[in-house]
Amino acid sequence: MPTKTIRVGDTTKPDPFTVAIIANPYLEAPWNSGTFVPDPITTNQPAFDSCVNYIVASLFGGLAGQAERLLGDLAIAPKVRVLSVFDPGVPSGDQNSLVAQDGVSNLLVPRRDNFKPFLAQHGVEADVAYAVSLSQSHTRASAWFTTDDDAGPGNNFTLDGKTFSHRHRNITPGTIAIHSSATSMTAVHEFGHALSSYSNGAVLDLYVDSKLGLNNKRGRPIPASFATYDGVVMASDPIRDSLGYPVTWQSYHCELITPAFPALMDNYWMAPGGIPEHCQHDRITRQFLMDRVRAKISR
Amino acid sequence: MEPLKPEIKENLLAIRPEADPADLEEYERLLAERFATDPDRAAAPESKELRDSQSSEERLAELFHRLFVPQPISKS
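If you read the sequences in order, they're chains A and B.
Yeah, the first sequence ends on 436 if you go by the working numbering, and it's all consecutive.
Yeah, the second sequence ends on 112 if you go by the working numbering, and it's all consecutive.
Do not rely on the hints blindly, as some may be mistaken.
[As the list claims (entries may be wrong)] Lysine-lysine pairs mimicking BS3-like chemistry, simulated, CA-CA at most 27 Å apart:
(1) K45/B - K354/A
(2) K84/B - K348/A
(3) K45/B - K348/A
(4) K299/A - K348/A
(5) K348/A - K41/B
(6) K354/A - K41/B
(7) K253/A - K141/A
(8) K299/A - K84/B
(9) K299/A - K354/A
(10) K354/A - K84/B
(11) K253/A - K150/A
For the record, the hints were derived by calculation from the structure and aren't laboratory data.
Since the model is a prediction, treat every value here as computed from it, not as a measurement.
Start from the sequences, fold in the hints, and give me the full structure.
Written out as structure tokens, the structure is:
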């Protein structure tokens with residue numbers, strides 16, 4: 138069977154919160170070229186299985202020295218279903234290509250529109266989906282946020298006085314393209330992006346001078362308060378501890394849970410001591426992601 | 037998007053001394069912004085997001101060429 142259950146999740150629900158991990162059948166090379174080549178991952182199941190083990194361990198806080206528990210929270214972990222799909226027999230073509238090689242970088246880019254129909258063929262509906270590649274030239278992971286089903290139910294929350302919703306379902310799941318050699322906090326960093334939403338809170342990269350998002354604001358001087366999330370005032374990080382804000386930046390971030398280490402959406406490779414596993418999400422990102430998972434679990 | 041390891045940045049700037057760190061910073065920012073733009077909106081014909089996205093991709097190609105593609109030695 139191409140589909141394997143890694144964690145059963147909440148068996149009392151017909152559609153528990155689900156993370157899918159797929160061996161990418163075909164690479165589009167380069168992105169938007171319409172040229173498709175077999176992804177070498179399809180002939181290397183041990184590499185795929187090893188990557189599945191890595192992704193699952195990191196999402197549930199199981200890497201050596203990992204500080205960010207995320208889905209490993211005891212009230213959440215048993216509710217999360219994880220499935221893998223290894224199906225090298227699918228025919229070549231656009232619809233079976235889930236990852237593209239970027240033409241202007243070494244990024245692997247998820248071909249997000251193909252994930253839902255591909256998974257549906259395998260009887261799977263996912264909230265977040267990883268496509269694993271063994272590209273010979275492109276190794277850097279990337280993710281698209283979730284497109285929420287804003288016509289459907291959700292759990293409302295407020296951010297700086299405006300009402301948003303942790304939607305229970307998606308139009309397009311959060312999608313990630315990741316190389317089979319990925320290590321450390323990469324799978325968790327990309328999950329942070331993918332679980333977030335284009336319409337109800339975008340979790341942005343904090344290692345560039347980003348635009349406005351749930352976890353990034355802009356302006357100088359940096360105010361003491363970063364945001365009011367569901368009635369709780371959260372402080373700003375005035376100094377981007379351990380890294381510092383470049384003088385040219387306008388971005389500023391939320392307070393860190395562990396000020397000695399960069400936030401997980403920041404450059405975790407720059408963690409002091411060279412130990413990215415010590416990094417955790419900043420305060421607002423952690424609360425937002427956990428609330429979003431809880432809302433989806435409750436559906 | 038996975039952040040660059042600091043040693044990769046350092047190597048790039050060491051190998052290509054003509055590479056400007058400000059170009060690399062802009063390149064990284066534009067790559068990250070690509071994923072923060074709702075792709076459904078960026079696909080809508082004549083939308084602002086589509087125009088912005090096209091102009092970002094053109095700039096990315098320029099920066100990629102400048103940062104990563106070896107330049108021919110010019111004859112004087």
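Quick rundown of the hints versus the structure:
As the CA atoms of K45/B and K354/A are separated by approximately 25 Å, the hinted pair is consistent with the 27 Å bound. As the CA atoms of K84/B and K348/A are separated by approximately 16 Å, the hinted pair is consistent with the 27 Å bound. This hinted pair checks out: K45/B and K348/A have alpha carbons roughly 22 Å apart, not beyond 27 Å. Restraint check for K299/A and K348/A: the C-alpha separation of about 19 Å stays at or below 27 Å, so the hint holds.
Between K348/A and K41/B the alpha-carbon distance is near 22 Å, which keeps this suggested pair within the 27 Å criterion. Using a Cα cut-off of 27 Å, the hinted pair K354/A and K41/B holds, with the two alpha carbons roughly 24 Å apart. Under the criterion of a C-alpha separation no larger than 27 Å, the hint pairing K253/A with K141/A is consistent with the structure, at around 17 Å. For the hint linking K299/A to K84/B, the alpha-carbon distance of about 24 Å falls within 27 Å, and the restraint holds.
The hinted pair formed by K299/A and K354/A meets the criterion: a straight-line CA distance of about 16 Å does not exceed 27 Å. Taken as a hint, the K354/A and K84/B pair is honoured in the structure, with Cα atoms around 22 Å apart against an allowance of 27 Å. Taking the CA atoms of K253/A and K150/A, the gap is near 20 Å; set against the 27 Å cutoff, the hint holds.
In summary, this structure violates none of the numbered hints.
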